[in-house]
Amino acid sequence: MTENSEANSPGWFDKPANINRLIVALVSACLVLLAVEAIFGKSFYDDHHPAHFPIEQMFGYQALIGFLAFVVVVFLGTILRTVIRRSEDYYDR
Amino acid sequence: MIGNLFGLLGDHASHAGHGDHVNATSEALAQVAASAADLPAGFLQQLPPGTLMILGALLLPLLGRRAAWGSLVLSIASLVLFLLTPMGVFGQFELFDQTLAMVRIDRLSFIFGLVFHLAAIVSSIYALHVTDVKQHISGMMYAGGAIAASCAGDLMTLFVFWELTAITSVVLVWASNTSASYRSGMRYLMIQVGSGVLLLSGAIMRLSETGAVSFGALGEIGAIGLYQDEGGLSVSGLLIFLAFGIKCAFPLLHNWLQDSYPQATPTGTVFLSAFTTKLAVYSLARGFAGTEELIWIGSAMTLFPIIFAVIENDLRRVLAYSLNNQLGFMVVGIGIGSELAINGMAAHAFCHIIYKALLFMSMGAVLHRVGTTKATELGGLHKSMPWTTGFCMIGAGSISGFPLLSGFVSKSMIISAAAQADLFWPWLVLLIASAGVMEHSGIKIPFFAFFAHDSGKRPQEAPWNMLLAMALAAGLCILLGIAYPLLYGLLPYESHYAPYTLSHVTLQLQLLLFAALAFVVLMKTKLYPSEIRATNLDTDWVYRRLLPGAIGVGGTVVLAIDRGARKAFLAIVGSVIRTGQKWFHEGGLMGRAWSTNTMAVWATLILGLCLVLYYL
Chain F
1 MTENSEANSP GWFDKPANIN RLIVALVSAC LVLLAVEAIF GKSFYDDHHP AHFPIEQMFG
61 YQALIGFLAF VVVVFLGTIL RTVIRRSEDY YDR
Chain X
1 MIGNLFGLLG DHASHAGHGD HVNATSEALA QVAASAADLP AGFLQQLPPG TLMILGALLL
61 PLLGRRAAWG SLVLSIASLV LFLLTPMGVF GQFELFDQTL AMVRIDRLSF IFGLVFHLAA
121 IVSSIYALHV TDVKQHISGM MYAGGAIAAS CAGDLMTLFV FWELTAITSV VLVWASNTSA
181 SYRSGMRYLM IQVGSGVLLL SGAIMRLSET GAVSFGALGE IGAIGLYQDE GGLSVSGLLI
241 FLAFGIKCAF PLLHNWLQDS YPQATPTGTV FLSAFTTKLA VYSLARGFAG TEELIWIGSA
301 MTLFPIIFAV IENDLRRVLA YSLNNQLGFM VVGIGIGSEL AINGMAAHAF CHIIYKALLF
361 MSMGAVLHRV GTTKATELGG LHKSMPWTTG FCMIGAGSIS GFPLLSGFVS KSMIISAAAQ
421 ADLFWPWLVL LIASAGVMEH SGIKIPFFAF FAHDSGKRPQ EAPWNMLLAM ALAAGLCILL
481 GIAYPLLYGL LPYESHYAPY TLSHVTLQLQ LLLFAALAFV VLMKTKLYPS EIRATNLDTD
541 WVYRRLLPGA IGVGGTVVLA IDRGARKAFL AIVGSVIRTG QKWFHEGGLM GRAWSTNTMA
601 VWATLILGLC LVLYYL
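Taken in sequence, the protein lines are chains F and X. If you number the first sequence the way the numbering used here does, the last residue is 93 and the count never jumps. If you number the second sequence the way the numbering used here does, the last residue is 616 and the count never jumps.
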C-alpha cells in the first residue's frame, strides 16, 4: 500500500505485527480526516472549492464514496470474471 | 527569435496580478526572452518540431551499439530547438490551391510538444541498455512523429504524421519477437492505419465542404465540431471524430490498447504509453472541445476499465486498462470545454504521461529482471528491488491523486470543472473512478508486484539507466505536485486554480484512505478476488473469435450447399450416362446391330403411317 514507503528493509513486511501497525495507522488517519471535517463543519468549503451539489453537505460523503466505490468495483470485477474468464492459452489454441 | 519557453514565462510574469504563480526567476527569463526577440527567424522553425528526431533516427544505424546514446542526444537537441521556436504559424506552402501550414505552435500544442519531448528523453534514458537498433530508430521516429503531429497546422500534415506514428510504433510491439506479439502488432497496425484512413477521408470531405483543411487557427480550441452550423450532423466531422476516437481508445474502440501494449518490449511500452493516445487527446481538444457527447463517452471510459483491471493478472495489461481510464478523465474535460476543464485536461495529460511512463517503467524493470509481469508469479520483490519499488509507489501515489504528487493538482481541476458546470452524474462518476484508480494503480500494481505473498524470487535491482529514468520521472511527479504553479503557467488559459486548500486536501485524502481501508477489509475478509492465471475476454474477442468463427460457420454452410449442388449435378450426369449406356451398349435398344431387312420394314411402316395421317 502507498503509505508503506518509509519501510523497505527486507523482512519488515513479513511480520504480522508490523502489518497490524500499518492497519492501525491507516484507521487512525481515516478517523483524523473525519475529525477535521467534523471540527470545521459548515465553514469547511472555501472560496476555491464551493459546494455545488446537495450530497456535498453530507458529513463524510467522500469517505463513503471512496469506500463504497472500491467495494462495488471489486464485486463487479468478481462477477465479470465469471463471464469473461477463459484459460490462459485461449487465443493460442 | 523569441524563445517559446521564454515567451511563456514572459506571459506568466505579465500575470503578476495573481502573484502566487510568479517568481523572480521567470521575470529574469522574460527579460532574456525580450532581448532574444530581435534575432532573425531561422530556417529550422519552418520545419515541424520533431523533424530532427525523425531524420536523425535514420542515421542511428551508423552509430552501431551506441545508437541508444544517439537517441538521447537527438531528443535533447530536439527539445532545445523546440524551446527556441516561437509561437506562431510556420512552414506554409501552396498545394493544389490550398495553403498548408506544417507548423502551428500555440499554448495548446506547446504543452503537448513539451511533454512529448520530456517523455522521449526519459524513455531514451530508460532504453540506453537496448542494443537492438531498430527499436531506437522506430522509437525516435515515433516520438518525432507525435511531436510534429501535435504541432500540425492543417489536417493533411496531421494525417501524414498520424500515420507515421502508427507505422513506426508497431515495430516496438514486433520487437518482442514472439508470435503473439507479431499477431498483436498486425491487429494494432490495421486499427491504427484504419484510423488514419478515416482521418484522411474526413479531411477530404471537409475540404470539399468548407474549402479548407486547416486544423483551427492559432489559439483556437474546438475547431471542427460534430455538427454543422445549421445543426445537422457533419459527416466529415464524424469521420474525423471516429479517427480520433479510435486512437483515443473510446469504449468499444479501445481494445487495441490492452491487446498490443503489454506485448511490446519492456522499453517499447514506455514509448507507446506516452504518445499515441495523448496525441489523440490533443487532437480531440483541438477539434472537438465542448462537444457534449464527449462528457458521456469520457465518463464511460473512466468506469469500465477499472472493473476489467480488478481481475487482470498481467500487471502491464492492468496498466493499459488504467491508461484507458485516465484518458476518460481527459475526454470528460474536453467535453466540458470550459477554460478550467481544458486547463485540467492539458495539465492531466502532462502529469499523466510522466506518471504512467513511470509505472510502465517500473513494470518494465520487473519484466526485464523476472521475465514476467503476471501477478500470480510475482510478490515480495521489494526485498531485492527496493528502488524500483519506491519509484513505482511514487507513480502509484501520483496516479491516485495523493496530495504533494502530480495527479492531485491536475485531476482535481477536471473534477472541479464538472462541478462548476453542474454536471452531477459525470462529477460522481469521476469521484467513483478516482477510487477505482486507487484500486488498480494505487494498490494492486505495487502490492502484487512488490509485496503480497513472497514469490521467493530475488531478482537483481534494475540496471542503472532504468533507475535513472525512473528517478527523473518520480522527481517530476513530486516537482509538479509541489511546485504546481510551474505546470499551471504552461496551461492554455490563465489559471487561478488553488489545489491546496484544507477542504480539498481533506476530502481527497478521505476518498483515497477510505478506499484503502476497503482494500484492507476485503483482504481480511478474504473477499478480494485472488489473482488467477487466465485470459479475460474483451472486445478483441469479436474480431479474434466471433468474426473468424462466423466466417468459419458461413464457410461451412457455403461448402455444404456447394457439396450438395455438386452431388445433385453428378447424380444427374450419372443417370444420363447410365441411361445412355443402357440404350446404346451392344445389346441395348439403340446400340444393337440392326439387320437391313428390319430397317426396310420399319421404314415402310413409318412411310405408310405418314400416308394414312396425310389423308386423314
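Treat the hints with care, since some could be wrong.
If we take Cβ atoms under 8 angstroms as the criterion, some of the chain X residues that face chain F in the derived model are [to be verified]:
#1 I306
#2 V310
#3 L509
#4 F514
#5 L517
#6 V520
#7 L522
#8 K526
#9 Y528
#10 E531
#11 R533
#12 A534
#13 N536
#14 L546
#15 I551
#16 G554
Covered stretches of chain X (in silico footprint by chain F; criterion: 3 or more residues with CB under 8 angstroms from a CB of chain F, positions within the stretch not fixed) [unchecked claim]:
#17 418 to 428
#18 494 to 508
In the PhoX-like style, the derived pairs of lysine-lysine whose C-alpha atoms are separated by at most 25 angstroms in a straight line are [unchecked claim]:
#19 X:K582 to F:K15
#20 X:K524 to X:K374
#21 X:K383 to F:K15
Treat the hints as calculated values from the structure; they're not laboratory data. Ideal Cβ placement from N, Cα and C applies to all residues, glycine included.
- Message: Does X:N536 hold up as a contact with chain F if the rule is Cβ-Cβ below 8 angstroms?
- Response: holds (5 angstroms)
- Message: Given X:L522 as an interface hint, is its Cβ closer than 8 angstroms to any Cβ of chain F?
- Response: Hint on X:L522: holds, closest Cβ of chain F at ~6 angstroms, below 8 angstroms.
- Close enough to count: is the Cβ of X:V520 nearer than 8 angstroms to one in chain F? With a closest approach of 6 angstroms, the X:V520 hint holds.
- Under the criterion of a CB-CB separation shorter than 8 angstroms, is X:L509 in contact with chain F as hinted? It holds, given that the least Cβ distance between X:L509 and chain F is near 5 angstroms, below 8 angstroms.
- Supplied contact hint for X:K526, tested at 8 angstroms Cβ to chain F: violated (12 angstroms)
- Quick one: see if chain F covers the segment 494 to 508 of chain X, three-plus residues with Cβ-Cβ under 8 angstroms. n = 9 at 8 angstroms, threshold three: holds.
- Task: Go through the hint on X:E531 and say holds or violated, using the shortest Cβ distance to chain F against 8 angstroms.
- Result: violated (11 angstroms)
- Does X:I306 pass the interface check with chain F, least Cβ-Cβ distance below 8 angstroms? holds (6 angstroms)
- Can the hint on X:A534 be confirmed by a CB-to-CB distance to chain F that is less than 8 angstroms? holds (5 angstroms)
- When the least beta-carbon distance from X:I551 to chain F is tested against 8 angstroms, hint result: violated (17 angstroms)
- Query: Does X:Y528 meet its interface restraint, that is, does its C-beta lie within less than 8 angstroms of any C-beta in chain F?
  - Reply: OK, holds: X:Y528 within 8 angstroms of chain F, min 6 angstroms.
- Go through the hint on X:F514 and say holds or violated, using the shortest Cβ distance to chain F against 8 angstroms. holds (4 angstroms)
The structure shown violates the earlier hints numbered 8, 10, 14, 15, 16, 19.
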